[in-house]
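Since chain A is already given, all that's left is putting chains B, C and D on it; use the hints.
From first to last, the protein sequence lines are chains A, B, C and D.
Its first residue numbered 159, the first sequence is counted upward by one per residue in the numbering used here.
Its first residue numbered -17, the second sequence is counted upward by one per residue in the numbering used here.
Its first residue numbered 427, the third sequence is counted upward by one per residue in the numbering used here.
Its first residue numbered 4, the fourth sequence is counted upward by one per residue in the numbering used here.
Derived by calculation from the structure, the hints in this document are not laboratory data.
We put the CB at the ideal spot given by N, CA and C, even for glycine.
Mixed in with the good hints, there may be bad ones.
[Stated by the list, open to error] Listed below are the simulated DSSO-like cross-link pairs for lysine-lysine, each with C-alpha atoms no more than 27 Å apart in a straight line:
{"#": "1", "chain 1": "B", "residue 1": "K38", "chain 2": "B", "residue 2": "K275"}
{"#": "2", "chain 1": "B", "residue 1": "K75", "chain 2": "A", "residue 2": "K317"}
{"#": "3", "chain 1": "B", "residue 1": "K99", "chain 2": "A", "residue 2": "K317"}
{"#": "4", "chain 1": "D", "residue 1": "K81", "chain 2": "D", "residue 2": "K133"}
{"#": "5", "chain 1": "B", "residue 1": "K11", "chain 2": "A", "residue 2": "K246"}
{"#": "6", "chain 1": "C", "residue 1": "K513", "chain 2": "A", "residue 2": "K441"}
{"#": "7", "chain 1": "B", "residue 1": "K160", "chain 2": "B", "residue 2": "K368"}
{"#": "8", "chain 1": "B", "residue 1": "K344", "chain 2": "B", "residue 2": "K143"}
{"#": "9", "chain 1": "B", "residue 1": "K300", "chain 2": "B", "residue 2": "K11"}
{"#": "10", "chain 1": "A", "residue 1": "K246", "chain 2": "B", "residue 2": "K99"}
{"#": "11", "chain 1": "B", "residue 1": "K344", "chain 2": "B", "residue 2": "K144"}
{"#": "12", "chain 1": "C", "residue 1": "K644", "chain 2": "A", "residue 2": "K441"}
{"#": "13", "chain 1": "B", "residue 1": "K228", "chain 2": "A", "residue 2": "K246"}
{"#": "14", "chain 1": "B", "residue 1": "K75", "chain 2": "A", "residue 2": "K441"}
{"#": "15", "chain 1": "B", "residue 1": "K228", "chain 2": "B", "residue 2": "K197"}
{"#": "16", "chain 1": "A", "residue 1": "K441", "chain 2": "B", "residue 2": "K11"}
{"#": "17", "chain 1": "B", "residue 1": "K160", "chain 2": "A", "residue 2": "K246"}
{"#": "18", "chain 1": "B", "residue 1": "K275", "chain 2": "B", "residue 2": "K368"}
[As the list claims (entries may be wrong)] Going by beta-carbon spacing under 8 Å, a handful of chain A positions derived as facing chain B:
{"#": "19", "residue": "L398"}
{"#": "20", "residue": "F404"}
{"#": "21", "residue": "S406"}
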Amino acid sequence: MSQQPPGEEIARRLVARASWQPLEVLFWAAALASIYVLPGRHLILTEIAILGLFALSLDLILGYAGIVSLGQAAFFGFGAYAAGLLAKYDLVTEPLLALIVSGVAAALVGFVTSFLVLRGSDLTRIMVTLGVALVLREIANRYAWLTGGADGLQGVEIKPLFGLYRFDMFGHTAFCYALGVLIVLFLLARRIVHSPFGLSLQSIKGNPVRAAAVGIPVNGRLVAIYTIAAGYAGVAGALLTQTTAFTSLSVLDFERSADLLLVLIIGGTGYLYGGLIGAILFKLMQDYLAALTPQYWPFWIGLLLVAIVLIGRERIMSWTKPIRALARRLDWRRSTTAVAVEGQRP
Amino acid sequence: MRRLTALKAALAVGLLGLTSAAWAQDPVKIGLILPMTGQQASTGKQIKAGVDLYIKEHGDTVAGRKIEVILKDDAAVPDNTKRLAQELIVNDKVSVIAGFGVTPAALAAAPLATEGKVIELVMAAGTSIITERSPYIARTSFTLAQSSVPLADWAAKNGIKKVVTMVSDYAPGHDAEKSFSDRFKEAGGEVIEAIRFPLANPDFAPFLQRAADAKPDAIMVFVPSGQGGTFMKQFTERGLDKAGIKVIGPGDVTDDDLLPAMGDAVLGAVTAHFYSADHPSAKNQAYVEAFKKANNFRPNFMSVGGYDGMHLIYEALKKTGGKADGDTLIAAMKGMSWESPRGPISIDPETRDIIQNVYMRKVEKKAGELYNVEFATFEGIKDPVKAAKK
Amino acid sequence: MLTILFDGIAYGMLLFVLACGLAVTLGLMNFVNLAHGAFAMAGGYCTVILVNRWGIPFLAALPLAFLSTAILGLAFERTLYIHVYRKSHLDQVLFTIGLVFMSVAAVDYVMGSSQVFVQLPSWLEGQINVLGVGIGRYRLLIIIICGLLTLLLQFILARSRFGSRLRAAVDDQRVARGLGINVGGVFALTFAFGSGLAGLGGALGAEILGLDPIFPLKYMIYFLIVVTVGGTSSITGPFLASLLLGVGDVAGKYYMPTLGAFVIYTIMILVLIWRPQGLFARGGAR
Amino acid sequence: MTVMLETIALEKRFGGLVATSNVALKVEKGARHALIGPNGAGKTTLINLLTGVLRPTAGRILLDERDITSLKPHSRVKLGIARTFQINQLFAELTPIETVALAVSERLGCGKNWWRIVGRPSQVTDEVVKILENFRLVDVMNERTAILPYGKQRLLEIAVAVASAPRVLLLDEPAAGVPEDERHMILDIVARLPGDVTVLLIEHDMDLVFQFAKWISVLVNGVLFVEGSPEAIARDERVRQVYLGETGHG
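Bound conformation, chain A alone (with noise of 0.2 Å):
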C-alpha cells in the first residue's frame, strides 16, 4: 500500500469505504436465492424482511446519527395505517405507489416530531419517542370509526402489485415483493451512510460540538435523518399491512418499540446489517422457541438476551473474526479495483 503516492492511497481509501464486501454479496445472493430454496417458509421470511427493514430505520438514527428511540412504532404503525387506509377506501390502490404514499406520510409524521428528540439526554429522548408512539397509539384507538380501534382496521383488499401479482396465500408474491423494497432501500440507505451527509451524521454522533465547529448544521442534519428514517419505519408498516391485508393497534405498540430495539442491539449498531441479521436471529430464534414452548418462549429468550449481555457482544462478534478474515482475504478487488477507479479518472 505504501508504495503508492498518498494522494492515490487517500482517494482510494474514501471511495474504498462505500466497495462491497465479498460477505455482502454474499449476503444478498443467499436473501434473493431464498426465494426459490425456501418457498415454504416465505411467510416468515416476509416477516423478516419487514422487521429487517424497521430495524435498518432505527439503525440509520440509533447507529449512524445516535439517537435512541423507543418510538419507532409510531412511524411503523403510521405507514400500516396509511396503507391500510388508502387501500380500504381505494384511494391509492396500486401497492407500490400506496407504498411510497405511506411512507412520505409517515416521513412527515417524522419530520413534525422530530423536533421533540433535538434536546436531552438518551433518557428524554427514549421517553419522549415512546410519549408520542404512545399517543398515537391512543389517538388510533379513540377514532375507531376510521381506525378499527381496538378491533384491527377490517376490511382491507390489496389489489395486485402492478395490476399483475395477486399476493396468494403462500405468500410469494409478498416475500417478492418485500425482498425487492427491502433491496432497493437498503441500497438508498447504504448509498446515504457513505455519502457526506451520513459522515456528518457520524460525526455528530461522534463529537455534536466539534461537529458543529466544522460547520455542520447539527440539528438540520438530525431532523434530516429522522424524518428519513420515520419514511423507512412507515414503509416497513405499509408493507407488513400490504402483506397480511389487515393491520391493527399492536403496529403501534410499545412491544414492538422494544423488540426492535432488541433486535438492532443483537445484530449491532451502525453496519446496516445489524438490524437485518438480528431481525433474521430473532425471528428465527423466537420461531423455534414458541413451537418448541409455546407457553414459556419468552424464558428461553429472555436467557439468551442475558447470556448475550454476560458473555459480551463484543466477544460473540470477535467469534466471526475468523470468517471474516477469510472474507477479507477473498477480496479479489482488495487491490485492484482502487486502480481501476483512479484510471478512470481524468
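Coordinates of chains B, C and D only, in the frame set by chain A:
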C-alpha cells in the same frame, strides 16, 4: 402374511381413488392458535386445558384418522395470528384452525379460512360479526349479545330501573353495551350513562367513581376474561355494594377462574352467562372434576369453548367418515347438537354460530368457595344481533 | 371532587413506591434497570402466598414482602447485575429486558397466568365517610404507608451516614474507595433497598393494579414516566411527579373518560419538551 | 489595516459570575494576534462567544463588519471562523482521512449531499491530500482517531480547523499537553499557516506566543487588561505581576 394384507389394504385404498379413504392414514391436523403469553394468557391456558381434556377422554383417533393438534402462541396480537394461521394452512396443511382468544385475532384469520377453504373454529372470541366474515367459521364459545339481552330482560323485570353501563372499549364491549341498552330501554329501563374504558386499563377507580356519582340502581359491566377480579375488588373498595348498587353483567366479570380469589365482596353479583362451573348436571360435575384433576385451577367458560370445539370437530369427522375438507366439514357441523357441560347446545345451520341456554346466576358460597349459582334459565338463545338483522 | 383527588393521591403514592427504586438505581447508580417491575411482581406474589396460603396477617406480610424482595434483589445484584454496571446503557437494556422475559415466563409457570389477589382483612375493605368525602380504607392505608416511607427515604438519603456514603460513592467511585467506603457494598445495599421498596409497592399495589405475570411489562412504561418526568437527581422529584401523574391520570379519566390515557402521556411529553432533565431536576446539571 | 474580527462591549454572565466583562477586542486582517492571561481569565469563554457556542449576555460581535452575534456556530463557520479546542474535540471513531474529508466536504457545500460517495468530487480528495500531507498525518490516516498518539491528535485538531479554510482561525492552546519533543511540530505548523488567514492564538506557552505573535492582548478576570506589541507586553510591569502572581501559586 401380515405385510401382504397391509399391502392389499393399501392397494385397495389406493384404488378407491382420491376420496376420503385415500388419506385416511394421514392425521387430521388442527392448528390451535391461542394467546399463551401476554395479557390474555389465562384464556389460552383454559382453552388448551379444555382441548387436552377432551382428547384425553375421547382418544386421539376419530373415524380412523389420528388427530394432531399443533399449538401456536399469538399473544393475542392479530398480525401474529394471521401469519401463524397462514403458516398452519400452507405448511402444515391443517384442516381446522381453532382457538382465537380475542376478536381481532379471529377476524384477522377469517380471509384465510375462506381462501384456504379451511374451518376456522372460534373457541373464545365473542363479537357477533365474526361468523359472518367467512362461510367456514363456526363458533363454540358465545356472543356477548347472547348474555346481554336476557340480562336486560331480567334486570327490567327485577326492579332495576336506572343502569350505568361500563364496558371495555372494543368490539365485544360495544356489542354488550348496545344489545343490553337497546333491550333494556325497550323494556322501559333507563341507561343513565355509558362509560367505555380502554382495553388495557390499570385502574378502574375513576370510572367507577363516575358510575357511582350517577347513582344508578345497577352497573352493567363487561370486561374481558381476566380483568373481572380487579373490577370487582375496586367496586367493593369504593363501597358501592354498601351503597346499594348492584353489579350485573355478562358472566365475564365473575369469571370462574378468578372467582375464588375475589373474596366475599362479590357475593350477590348477578350475571347472565352460558357456563358456570357450578352448572348442576352430571356431565358438568364429571367435567369439572376431571378438569381440576388435570390442572390446578377451576375450568371457566373459555375452557368449555375449547372442550366443545373439540367435540364439534370429532363429531363432524365421524359424520364425514374422516373427510376433512372445509366444505364437507362445515356442512357436517351445521345443525349439530349435543349435550355439553354447559347444557344443551347446537350449531345454528344458518349462521354457524352457537345456540345455547343462558343462565342467570348469583355469586354464592358453596363449601367455602365462591360459585356462580344458576337460578333461572333462558333456553335456546340464538345470537340476537344476527337475529335482529333478518 | 375530593374523592377523585384522594384516589389520585393514593394512586400516585403507589406509583412512587413502585418507581422510586428505579429512580435510585438510574439516578444514583446510572443503571437502567427495566427489570424493576419484576421485583415489584415478586413482592406481590410473595404477599399472595404469605397471606392466602399461609394465613399470615396482611400487615405482617408487608414487611416480609419487603425483606424477601430485598434479599432477592441483593442476590441478583451480587451474582448478575454486578457484571453489567460497567456496560453500555444499551447492554443494560438488553440484559434487564431479558430478566423481565424470564421472570414473566417463570411466574406464569409457577403461579399460573390468571390474576391473583391478596385476601384483605375486612377492616380494610370499603370506604369511610369523612365530611362527605368518601375515603377508601385501603387507599388511606396506602397513603399512610407511602407517606411515612417517603419521609424515611428522604431522611436516609439526605441525613444519614449511609446517605452520605452513597452520594460519595456516586460522585466519584475512586475517591470514595480511597476514603475507605466499600463502594460495592453501598451499591448492593442500595439496590437491595430499591428492590425491597418495589416489592412493597407490588404487595400494596396488587389490590389496585391487579397482579399477573405480565405485571413488569405492563407497568414498565409508568415507572419510566415517573422517573423521567420527576428527574433522577432527588427523591422529591419522582415523588412529586408520581403525585402529578396519579392525580392527572385519575382526574383525566374521571372527567374525560373518552380521552383516558392521553392525559398521562401528554403530560410527559410536554414536561420533557419544557424541561428535558425532568420537571423537578435541580438546575438541570448533568 | 482593516479589522477582521471585533467585539463591542461584549459581556457574559453565568448567574452572578461575570466571565467576560465589557471586552472590546479588535483583530486585524491577517493578524498574528495572541490572547494571553492567567488561568480563569475567561479566554476560553471569549472563544466560545466568538464561535457562537455561548450566547453573550450583552454586546456585539462583528466579522468583517458584519454582525454575527446571533448566528449559530455552524453559520459562523460558513462565514469563515474556525477554531481548535483546548481539549481535543475529535471524532473518536473516524479516521483522519474521514475527519478531514468531512470538514472539506462541508466547506465545499456538499455536506448535505446524500447521493454521492464521500470524496467523489475529486476537488475534495485533492484538498484532503493536501491537508493530510501538510499536517504530517499521512502515516496514520487510516487509524481510528481514538488510538492516535496525542501529538497526532493535536495536529488533527488543527488540521480539521484549517480544512474549513477559515478567514479567522482561533487556536485555543494548540500546544497544550503536547510532550516537549513533539512541540516543535505544532510550532512549525502554526508558523506555516497561510499569511492571509487571521489568527488569534490563546496560549500559555510564552515561547510560542513570543515566537508567533505580532500583537498581544492580555485578559484578566474577564476584562481586557492591556494590549500591545510583544516587546511592550514583555516590558509591562503589570503583566509580569499578574503572571508572577499566578506562577507563585502554582
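Legend entry - Hints the structure fails to honour: Checked against the structure, the hints that fail are numbers 5, 13, 18, while the rest are satisfied.
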